[in-house]
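Turn these sequences into a full structure, and let the hints guide you.
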Amino acid sequence: MILEVEGLAKRYDSTIALADASLTLRGGQIHALVGENGAGKSTLIKVLTGSVTPDAGTIRINGRSVTFHNTRESAGSGISVVHQERNLVPRFSVAENLLLGRSPYRNGFLDHASLTATARRWLDRVGLDVDPKATADTLSVAQAQLVEIARALSQSCEILLLDEPTSAISGHETETLFALLRDLRQEGTGIMFVSHKLDEVEELCEVATVMRDGRTVLADKPLAGITRHELIAAMVGREYDAAALPERSGRGTSQAARLELRSVSTVDGHRDISLSVRAGEIVGLYGLVGAGRTELARAVLGLTKIVSGTVLVDGQAVHIKNPHDALRRFRMGYVSEDRKGEGLFLSHSIERNVGVTIWDRLARRRGWLSDRVVRPHVEEPVRSLGTKISSLGQAVSDLSGGNQQKASVAKWLAADVDILIVDEPTIGVDVRTKEDMHRLLWDLAAHGKAVLLISSDLQEVVRLSDRVLVMAEMSIRAEVENSHDYDEMSHVIMSKIMSVAASGQP
Amino acid sequence: MTARRLANQEATLVLVIIIASIAFWLTAPKYLGSANIVAVLTSASTTVVIGFAQLTCLSVGEMSLAVGGIGAAVTVLGGMLLDQDHVSLALVAVICLIGGLLAGLINGLVTARTHLSGFIVTLATGGAYSGLAIGITKSNPYPTVPPALATFGQGQWGFIPYLAVAPAVCAVLLFIFYRWRRTGRELLAVGGNRNAAALAGISVPKATIWAHTLSGVLAAVAAIMFMGVLRQSVPTIGSDWLVSSFAVPIIGGTLLAGGEISIGGAVLAAVLLSVISDGLVLVNVSQYIVEMVEGILILAAVLADRFRLVVRDMSRPARQLRTIGKATDGGATA
Amino acid sequence: MNEGAQPAGRPVSITSAPGSGNSASGLAASTPAAAPPPPPGGQSRAHRLARLFSSNTTGLILLIAASSAVFSLLGTGYLGSFNLFSLSQQVAVDAVVGFSQLVMLAMARMNLAVTSIGAGVVMLSGTLMAHDGVPAVAALLAGLLAGAAVGWLMGWIEVHSRLSSFIVTLAFMSIYAGVMLAVTHGTEITTLPSSVGNFATAAIVVPQLSILLVVAAAAGVVLAVIYKLTPAGWKMLSVGENERAARLSGIQVSRIVIFGYVLSGVLAAVAGLMTMSLDASAIPSIGSTWLLTSFIGPVLGGAALSGGQVSVSGAFLGIVFYDSISSGLIVLHVSTYYLGLAQGVVLLGALMLDQLRRRVRLREQAQRSSLAAAEGGR
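Chains as they are written, first to last, in the working numbering: chain A, 28 to 533; chain B, 31 to 364; chain C, 585 to 962.
Derived by calculation from the structure, the hints in this document are not laboratory data. Careful: at least some of the hints might be erroneous.
Taking lysine to any residue and the SDA-like style, the derived pairs with C-alpha atoms no more than 25 Å apart in a straight line are [what the hints assert, rightly or not]:
1) B/Lys236 x C/Ser778
2) B/Lys236 x A/Gly103
3) A/Lys332 x A/Glu322
4) A/Lys367 x B/Lys236
5) A/Lys73 x A/Glu185
6) A/Lys348 x C/Arg828
7) A/Lys367 x A/Ser69
8) A/Lys523 x A/Leu258
9) B/Lys236 x B/Arg212
10) A/Lys367 x B/Leu146
11) A/Lys523 x A/Gly103
12) A/Lys348 x C/Arg746
13) C/Lys812 x C/Leu889
14) A/Lys367 x C/Val790
Encoded structure:
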């Protein structure tokens, strides 16, 4: 079986998700699809499974052109997918989840015996030893994922798409998964392995396709003939390191830490986290998805409980109760990675979005609020970010993704915070916004702000940070002084992360 | 986990029913007299069917504020037909059920097609249905029902009122439907995880329409039962069904968020509500306090459930699949 | 196969020559050509016109004018003082009931207990006046305080239990009603001080306008000020639009939510007391029809059920429209018994219209932002 994709394009309201995606996937092959966040990998998968209709391009199976209008049609053609997020019905049995929508009925009644038997066969196939009658909410993430792989296999699939299958499972579980995938390859299944973990890609796959900004930049390249460096270069592109950032004085080595964590443990499972960010410094917190970086930020903001250890602001041990407390008492702000879900009031105007952090202050001074009172205070932050808008009264939902991201950052500029935690600031934005964002963070540090930059974009971390903290499995594995030499840094950092995976710690 | 949660809920309900019964019996011995037991079971019978009408909507994560409205409209439809001598009771019953079905179907179609929330749609249609009932009758009841219907509403075998047949049949049918029938399973799948169901090719609109339609039929059943109990067709019937319709499934362990139902729990909850309201009247506590008890029981049930979830989450490893437990996502969660 | 042909009607049509395999470069280049920005003057005028008609306020005023014209032509007495006076009384009460719900809708919540708060407050206040000899003003104040207290209790429970507002207010709807009935035994109080009943019969400025309108207007002005000029109001809307973003932006969500509940409780109490004055007695069944009424005004006025957007004046006009229909039906000798039906149908119709309008707006928005994206891409 051969799956060929050519020239797929898809755009949503404000963003181009796919511009020109092409690749060829053969049976008996594990094909890596790599690219940074927002490169269009997930959209490509959605197109292949029929949940998104492309604006242009063709899909061919064994040379025949096909169109999918829904997931059923795609599955009928032998394509199955295991999504990044789990799709199980929590209160259904494992067996029924495995055969969801295809359960056996006899005389119109659900045939529990046959259901369980069929499910057990497929569970054995993926080597998962759980009771088919147990409900899905008793499964671990890794088990749930295997159930979904079993579901895919049970649909007599010849092409299996796996979207970031290792993002939420441990090293040991990853090994089990890989063994299974190799078996499947032996039997002739074509597997597309979507990941941004290059170690795993090199370990498992023989062919790679690289995507960037919705385009295929490297198609069906045998991994034997390409170095990791070339792979990364294809992923991040060239225009990225075009402009050098100005020299930043006062890297803050002499000053005391603005924000410091001493052996902090949280209910989410962080263990013994220690870090510090000084005024005028950018500290990169690098790690893969699922390493626990966002959760750490939330714990600092008081959204989840810290069970032991101390948080210090300006050398004083403090207890931050909630984000309001963080903002008012400690002048600390947090830019969420999920700008639509947590960063913006989409149908509200730009000035309402940016001004939200200073309403209290202005109202106290004036006695009342109005857009006219707030406007002068939000104009400057919006302009300094180079946000393209027609007026401050424009609804944020009308802006492009990059400008939305700028709006979600601007509120912290308006509040003039001293400590800024930025979570994946350039996820899914265009190159120019990325550059603007980088310059902004650089400037903030130059003006004495303490910036903690959470990112899984290695290039970004190396470009901006003074120091890099490497996080994996809910703890900080290393602290590296940044040499700003990408090749050297990427090797050092990756080896730190790899040593974690290799040791197979839980 | 699921089975245990529901078993817990049901065991708790049985326990509370027993304790309450003993307490009432000690205070007022005639509580366990056959007349009183029949009264309790009669009121439980109608309450549970009203609860079932909401339960079908909750199973897909919808809700219906039109249960009472459909009940009123069907009552008036039945009353009109029974006024004409030549229509047989069986035919009237069938027409009433079809009327309820159509009313529910309209709710389902509007909700599924407009992507408005079921809440607001059924608020509007429910108002319209009950308004229609009031408008046609000018609020006057149809004073008579055929003797057969009256017997159904008030007769009994020993302790068991004839009326209990209706909830029993409904409970069995619903149990079979949700346990074994394809559509029933699909409804629960949609309620449990809309996205997963849709990805598996299950039609969410179809499930929504089914849930509202079933709800309409069950509301019609409740309406017919009340015609028998009251021996007349009262157009204002249904005006006080709203709280009970939610109280019965929720106290019984059905999740407001959808995907998990308990038929047995609903039956027990209806019995409990009837036991308490009847008992309070017997021991001369104001009958009006009953309404308050209903509200308190709803709160107690959901708070207890919330507490159990919290305890469970604390006792299981952080890396487990917490995210798929939809019920933990309360409105105010960060 | 050419997938590009499928999404017909999209603002930017994208076609790819089959087999070219490079539709993307075509996409970027063809965008401006495919959708050239219309000349500024023409577009903005058409745009302004479209916005005028799609706005709730204008639409409602037109609807009110049209329905009044129809009713005064078809029936007699629609514009008579008597009818207008009782219409203004009804509008005043229903508007405040709607305001009580509007506060909750702003925060993406709802309050099913408006009904029993109204009744509870009326019976409390009535009992104090008639049986305990408390001065009328003090008794009214006690009623307002009680409304605030019960609102606070529900808000506190919602915030601390993280249950949905639906379930909390549903439970309290029956708890409050139960307490009220248990205390009063469901008997109405007719021996209120005459000043209470006289108040509602007073007119202001012209004999067609009830003084109750002043109360409603005052409540409306207070709300409008809150939503236009105070941080609390702005924060309520932010919480309604995106609660998680609100919390992360440093808004104390719990506090704001509780404040909203209190405000909603007070407004329900005001509506109850207005009804008490209208009836010149305290009747325990006050508010039994408020649930539907409370949603009609805000929803007709353009409040989003998903929160974050409300219009106080819209809600007021919405209730004027609705009540003028009811009153018109009475003038046309349609039985008052059909009012419930009319109420439901009007709400359903408004919802569907609103849905339609939203879809149009979304399409417009998609058009604008795809233009923006195209500019940004170059």
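Checklist entry - What are the numbers of the hints that this structure violates, sorted from low to high? => result 1, 4, 11 and 14
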